[in-house]
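Asker: Here's the letter readout for the chains.
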Amino acid sequence: MRLVPFIISSVLTIALVVVLSMQWGTVPPLGSFLSPQHGLWKNAEDVEKNFEADLSFPNLKGKVQVFLDDRMVPHVFAEHERDLFFVQGWLHAKFRLWQMEFQTYAAAGRISEILGAGAGDRYLNYDRSMRRLGMGYAAERSLQAAENNPISKMQYEAYAEGINAYIDELKPADYPIEYKLLNYRPEKWTTLKTALFLKYMSYDLAGKDDDFEFTNLRTIFAKADFETLFPIYADSLQPIAPRSPENPYPSKAAMDLHPPSHADSLYFTFQGDSITSSSLNKPDKDNGSNNWAVAGTKTKSGRPIICNDPHLGLNLPSLWFEMQLSTADFSCYGVSFPGSPNIIIGFNDYIGWAVTNAGRDVKDYYELQFKDGSMKQYWYNGEWKATTDRIDTILIKGRAPLYDTIRFTDFGPAMYDRHFKVDSGSLKCLAVRWKAHDPSNEGFTFYGLNHSRNYDDYLAAIKNFTCPAQNFLFASKSGDIAIWQQGEFPAKWRRQGDFIMPGTDSSYLWKGIIPQQQNPHLVNPSRGFCSSANQAATDSTYPYYLGNSFPVYRGYIINRKLSRMDNITTDDMKAMQTDNYNVKAEFGRDILLKTPVDRLNEDERKYLQIFRMWTLRNDPAERGATIYSIWWRELEYAIWHDDFEKTKLPVSWPAENVLVESLHKDSAYKFIDDIRTPEKETLQDQLVASLKTATGKLKQLEKDGKLEWGKFKDTKVQHLLRQTALSRLHLPIGGGAGVINATKEDHGPSWRMVVQLTDDIEAWGVYPGGQSGNPGSKYYDNFVDSWAAGKYYRLWVMKESEQNDKRVVGKLTFSK
Amino acid sequence: MKLAVSIILIAALSFALGLYLPWWSIALGAFIVGALIHQRPITSFLAGFASIFILWFLLATVIDIRNQHILSKKLALLLPLGGNSFLLILITALIGALVGGGAALSASYLKKK
Numbered sequence: 001m002r003l004v005p006f007i008i009s010s011v012l013t014i015a016l017v018v019v020l021s022m023q024w025g026t027v028p029p030l031g032s033f034l035s036p037q038h039g040l041w042k043n044a045e046d047v048e049k050n051f052e053a054d055l056s057f058p059n060l061k062g063k064v065q066v067f068l069d070d071r072m073v074p075h076v077f078a079e080h081e082r083d084l085f086f087v088q089g090w091l092h093a094k095f096r097l098w099q100m101e102f103q104t105y106a107a108a109g110r111i112s113e114i115l116g117a118g119a120g121d122r123y124l125n126y127d128r129s130m131r132r133l134g135m136g137y138a139a140e141r142s143l144q145a146a147e148n149n150p151i152s153k154m155q156y157e158a159y160a161e162g163i164n165a166y167i168d169e170l171k172p173a174d175y176p177i178e179y180k181l182l183n184y185r186p187e188k189w190t191t192l193k194t195a196l197f198l199k200y201m202s203y204d205l206a207g208k209d210d211d212f213e214f215t216n217l218r219t220i221f222a223k224a225d226f227e228t229l230f231p232i233y234a235d236s237l238q239p240i241a242p243r244s245p246e247n248p249y250p251s252k253a254a255m256d257l258h259p260p261s262h263a264d265s266l267y268f269t270f271q272g273d274s275i276t277s278s279s280l281n282k283p284d285k286d287n288g289s290n291n292w293a294v295a296g297t298k299t300k301s302g303r304p305i306i307c308n309d310p311h312l313g314l315n316l317p318s319l320w321f322e323m324q325l326s327t328a329d330f331s332c333y334g335v336s337f338p339g340s341p342n343i344i345i346g347f348n349d350y351i352g353w354a355v356t357n358a359g360r361d362v363k364d365y366y367e368l369q370f371k372d373g374s375m376k377q378y379w380y381n382g383e384w385k386a387t388t389d390r391i392d393t394i395l396i397k398g399r400a401p402l403y404d405t406i407r408f409t410d411f412g413p414a415m416y417d418r419h420f421k422v423d424s425g426s427l428k429c430l431a432v433r434w435k436a437h438d439p440s441n442e443g444f445t446f447y448g449l450n451h452s453r454n455y456d457d458y459l460a461a462i463k464n465f466t467c468p469a470q471n472f473l474f475a476s477k478s479g480d481i482a483i484w485q486q487g488e489f490p491a492k493w494r495r496q497g498d499f500i501m502p503g504t505d506s507s508y509l510w511k512g513i514i515p516q517q518q519n520p521h522l523v524n525p526s527r528g529f530c531s532s533a534n535q536a537a538t539d540s541t542y543p544y545y546l547g548n549s550f551p552v553y554r555g556y557i558i559n560r561k562l563s564r565m566d567n568i569t570t571d572d573m574k575a576m577q578t579d580n581y582n583v584k585a586e587f588g589r590d591i592l593l594k595t596p597v598d599r600l601n602e603d604e605r606k607y608l609q610i611f612r613m614w615t616l617r618n619d620p621a622e623r624g625a626t627i628y629s630i631w632w633r634e635l636e637y638a639i640w641h642d643d644f645e646k647t648k649l650p651v652s653w654p655a656e657n658v659l660v661e662s663l664h665k666d667s668a669y670k671f672i673d674d675i676r677t678p679e680k681e682t683l684q685d686q687l688v689a690s691l692k693t694a695t696g697k698l699k700q701l702e703k704d705g706k707l708e709w710g711k712f713k714d715t716k717v718q719h720l721l722r723q724t725a726l727s728r729l730h731l732p733i734g735g736g737a738g739v740i741n742a743t744k745e746d747h748g749p750s751w752r753m754v755v756q757l758t759d760d761i762e763a764w765g766v767y768p769g770g771q772s773g774n775p776g777s778k779y780y781d782n783f784v785d786s787w788a789a790g791k792y793y794r795l796w797v798m799k800e801s802e803q804n805d806k807r808v809v810g811k812l813t814f815s816k
Numbered sequence: 001m002k003l004a005v006s007i008i009l010i011a012a013l014s015f016a017l018g019l020y021l022p023w024w025s026i027a028l029g030a031f032i033v034g035a036l037i038h039q040r041p042i043t044s045f046l047a048g049f050a051s052i053f054i055l056w057f058l059l060a061t062v063i064d065i066r067n068q069h070i071l072s073k074k075l076a077l078l079l080p081l082g083g084n085s086f087l088l089i090l091i092t093a094l095i096g097a098l099v100g101g102g103a104a105l106s107a108s109y110l111k112k113k
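Line order of the protein sequences matches chains A and B. So the first sequence is numbered by our numbering: it starts at 1 and just counts up by one. So the second sequence is numbered by our numbering: it starts at 1 and just counts up by one.
Mixed in with the good hints there might be a few duds.
[As the list claims (entries may be wrong)] Below, in silico cross-link-like pairs of lysine-lysine (DSS-like), each with a Cα-Cα straight-line distance of 25 Å or less:
# : chain 1 : residue 1 : chain 2 : residue 2
1 : B       : K73       : A       : K716
2 : A       : K94       : B       : K73
3 : B       : K73       : A       : K778
Simulated from the structure, these hints should not be mistaken for lab results.
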């Protein structure tokens, strides 16, 4: 044996193996990652892959058959209901394991475990903020509520067992590619993870607030100016539940809603001296949706049609997974959330339902006074009261764990304190009271809706829903249509919770919950339709405060269109869902056309002329839409910037409707004047100035070939890890904010559905993704182009007898 | 002849081991065959290198064709290799080949010349 060369050669070879087994920054361990028997190549799915399998699991009671159709939608037929949810869990894991687990990590504040602390502790601060918001606490409480309900307990457990049955049989080579890229492994699913996933939806849909920004605005505006800039009700509001003799509002609140006697000095302290920064990690402000249902009196078939398009972040893998769930008792079709059992939006043999976000403010902050730096006691109703502490352990990849103590008070958890500061200088301690903290069992609503056969079943099901409050729309084969804004809503006095509230006595706490039967609703209205698009649910005569800032334009145009339509078909509804008419521009057009042409140069006149000729449609090829969008933003900036720049603190700007409505009401609108100049500017001055600024930007866009709306907006569907290679970019699609087709850059209709409740249900749907979460599958993004083109797929409610239909491409059989 | 036999045996053994063991089993395969079929160091290295190169190249190519390059194109953008699937296959084969060559070379020093 030649010892020296042997040692040298062996050491070098072993060193090479070690180097290739290690992760270098964002580069995964290359040896296993590239190995054709272990790494990325294992995720490259054969395009002819055969989806046939006979599987057996001891957890099952009977037989379950799953038929996969040519779009990879599973149609599940179970003998026993418990088995149905076992198989739903198994299928979610098979197609979407990485995403559903990653989202529960995000919900629980565990991202640092996978990604490390991040640049400037970005991921770690995100994790801490989620924990301090009380996500873990809230999920534990809602899991308790679910486990107290025998059906929910059965569902959650069967679902988790199904996921784990799938995970248990995975070898590392079979892991979804994201695990290989990030070099970690899936852990066991638990019922708590399902609760966390649903809490994440609460965070996404009811976690938004402007409390800090509004508090900062108190420092620069007098009360009257604030009311002008932030009116509670828009002039163009078409409420979800309009008041009428057939639909009266409650005459008065069920409880005393007077603000505390010292609110003027302690709370409405305009031009005061509050200083604070922006809250971290806000959910997307554009999260919203459209839904509407038309009664048989307005349709060609004489039966209701129900439609829904929830607007969320456009991601791959999609949040949605399409499927059919069937037992002898029911057969339900629609989209599900990988991470939770049931169908979330869909229809069954009797009814259809649809949801949009209520968007009411159910998250408020209270400023605490701690006795000392130990933060063990806080001042409450005239005495020192002890906090309850919860110590969270945050695991961080490549670093020692962080132990974070969260203090719970009567106001909620202290989200910000001296260990997690609201900004670098301040010692403000803020507790957060959030409706999602309260025990609740939202999953049971969906279980109930999946099984509903009529209006009463639907109403009973949605009463379980407390947060994130939704506008639950309903239509049935028997001809009923209805909408309820459902959730548990704190009964608030006017502007309660718009600003940070004093947190030293109980008088600023919520005064109770609005009785469920007083929630805004509309049942079989004589106008023949119900609709919602995240606008305010009622007008100002409703006796409770709804909160501020709701979008108005989608609701306005939907109602205008529906009230003018008759003999409606599903094609009409599809055309409406993908409609690009910009009604906000219709409102603002006359103002912009007041621009004095003689004060413009050649370029500015050219763009004004294109705008003048514009059809007011945000279609991909329209240049007018780009001009309008940029010009209007510049006009808002010209008019308001001088007033808002009085503070460097983060602030919110007025809602989308405020400028146009203010200018229509008052041509001498106070804020037109630029307070930094000695002259008094007029609207015409600002129109010219804003068009001049806009022209600079427009010329550059034109040079880059991006003046067309579709190219300017540049819609994309991004992978959850923001990897462009795994995303779909530059999609040719129109739409935009305030447009029914609410497609923005990376946000928009995440599922479009049209269901006509004829005897044989006629249903259509599409989402911007694909059934497989695997970037190496042809089913990863195969719906994206259809979605962008405004096309729909016919949704096939399969009967068990149709298993030889040519649409069936795969069959999975599960048995004991 | 010995070279050809070595190449075939290394590929076959590495493939079989890879079904049960992690990716570095290619080193094991190349080492075992290198120890059993004695050759000069340079020839042994060549056998290990060529064998794993061919094995990984063929496996990756077959998978890639059956996948119609869906994944390789994406990962060749991510890694980044300009979206070139062939380059990704080549790098895959080269990395495996280096490990196979090193292991076979080490084995060749076990016996006195």
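Asker: Decide, hint by hint, whether the structure agrees.
Answerer: For each hint, the structure was consulted:
1. Only pairs whose Cα atoms come within 25 Å are accepted, and B/K73 paired with A/K716 is accepted, the gap being roughly 18 Å.
2. For the hint linking A/K94 to B/K73, the alpha-carbon distance of about 23 Å falls within 25 Å, and the restraint holds.
3. Distance restraint check for B/K73 and A/K778: the Cα-Cα separation of roughly 13 Å lies within the 25 Å cut-off, and the hinted pair is therefore satisfied.
The structure shown violates none of the earlier numbered hints.
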